[in-house]
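Chain A is already provided as a structure; the job is to place chain B on it using the hints.
Chain residues, written in single-letter form:
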Amino acid sequence: MSEPTGSFARFAPAERLVHRLVAILMGSCLITAAILYNGSIMMAVGHRHVVETIHVWSGLALPVPMIAGALSAAYRSDVRRLNRFTPADWQWLRSRTRRDDTIPVGKFNAGQKINAWLVAGSTGVLLGTGAVMYWTGLVRLSWRSGATFVHDWFALGLGLLVIGHIVYAIRDPEARRGMRTGRVARHWARVEHGAWAEEIQDQSNS
Amino acid sequence: MGADPDGAPVGRRVVLGLFGLGAVGIVTGSKIQGGLSELLAPVQLRDPTGFTALVPLGNTWRYYSVTGSVTPRDATSYALTVSGLVDRPTTYRLADLEALPQTAFTDTFQCVTGWHVPDVPWTGVRLAGLLDAAAPTAEAVGVRFHSFDGTYSVNMTLDQARADDVIVALSMYGAPVTHDHGGPVRIYSGSMYGYKSTKWLSEIEVTPNNEPGYWEDRGYPLDGFIGE
Chain A
1 MSEPTGSFAR
11 FAPAERLVHR
21 LVAILMGSCL
31 ITAAILYNGS
41 IMMAVGHRHV
51 VETIHVWSGL
61 ALPVPMIAGA
71 LSAAYRSDVR
81 RLNRFTPADW
91 QWLRSRTRRD
101 DTIPVGKFNA
111 GQKINAWLVA
121 GSTGVLLGTG
131 AVMYWTGLVR
141 LSWRSGATFV
151 HDWFALGLGL
161 LVIGHIVYAI
171 RDPEARRGMR
181 TGRVARHWAR
191 VEHGAWAEEI
201 QDQSNS
Chain B
1 MGADPDGAPV
11 GRRVVLGLFG
21 LGAVGIVTGS
31 KIQGGLSELL
41 APVQLRDPTG
51 FTALVPLGNT
61 WRYYSVTGSV
71 TPRDATSYAL
81 TVSGLVDRPT
91 TYRLADLEAL
101 PQTAFTDTFQ
111 CVTGWHVPDV
121 PWTGVRLAGL
131 LDAAAPTAEA
141 VGVRFHSFDG
151 TYSVNMTLDQ
161 ARADDVIVAL
171 SMYGAPVTHD
181 HGGPVRIYSG
191 SMYGYKSTKW
201 LSEIEVTPNN
211 EPGYWEDRGY
221 PLDGFIGE
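Protein chains in written order, with full-length UniProt numbering: chain A, 1 to 206; chain B, 1 to 228.
Keep in mind that the hints were calculated from the coordinates and are not lab data.
Among the clues, some could well be false.
Unchecked claim - Facing chain B, a subset of chain A residues (Cβ under 8 Å, in silico):
1) Ser72
2) Leu82
3) Leu141
As the list claims (entries may be wrong) - A short, non-exhaustive set of chain B residues, derived as facing chain A with CB atoms under 8 Å:
4) Leu54
5) Ser65
6) Val66
7) Thr67
8) Trp115
9) His116
10) Val117
11) Arg218
12) Ile226
Glycine included, every Cβ here is placed at the ideal spot set by N, Cα and C.
Okay, chain A solo, but in the shape it has when bound:
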């Protein structure tokens, strides 16, 4: 039976490490982005080359933990879960009463799945467009202008996703505990991720 009583293992140490590294690098990217983009903040902070260097290296490093996580079987398994959308996920997204526990939710709900991939895809796009802007000899000027346009809007979108992610985390201490300690209360798992809780229960019974 599961130990300690009353909780389920949710995230492996490797996954929590990836999360922590991504959080630090993402925070660094977003804070430096705000300085580089906003004129008032830039004029107060100055030192553009230093800020730019931190931004560029944080951005280049950001995908590294995301990809290196694949060395962990638990991370690979969760990426597979995030990738797959079941008919219940579509139903969950369309439902106005999605939190009432009638639609079965696996280890991740459909919103978490969408968020994960929007973040991953946006990170890739920001990496590509950022490279084009930073190494100015790579493509012609009009494409650099296009890359700046794309970089601006994706950064804004990603910033909003991260803020949303933090707001949801603030509202749910048990979800935060899951990422901090790796374990969550059974009761929480049954309410928030009923199908996942059942799945674990079945495994430990068989």
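Just chain B, lined up with the frame of chain A:
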């Protein structure tokens, strides 16, 4: 713990979709931005809330400073020196520069990283005139612009500096150049990327060479002509 691999691989599709959107955006973004800019420019110039400067709508200015805060200078504290390999070193107060013949034209401010602001009305003193007045010696090859931020400087060759569209700019959009734009006096070079247009100009030094400047030491081309 068995993963549930049933269901459509939507995650992968989301990522590929975003990559496609990004690629299309790189190729067409400049045009889209231009269109947005034309629609929004009248609003942005008169936006009292500053909201339009927070979101990347249209072609907005980005303000650069390479040092900490720069102490503003005004008509009483400002001075511009033309020095170096010249027969007649000269110092101009702001009023002296304003009293000289002014050149006005409308041109794009283009940053090497891609962003640009089209149709900016500039007014100022043609640099060629200031150089002629100072009379560069026979050994003179280049011109180094120094900023009163204490750090920034950049070069042009003497020939480049004498081009018609290189001015010591005193006004933008029909008003004195603001501090954030590098005022009260900055360089504006219409054919070159923004890093050649020194902000907070304090000294024009005529030099025996054409050394790389601040951003050129950090990778940008020495001849900063737009499109090269």
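Which numbered hints does this structure break?
Hint check: 1, 10 fail, others pass.
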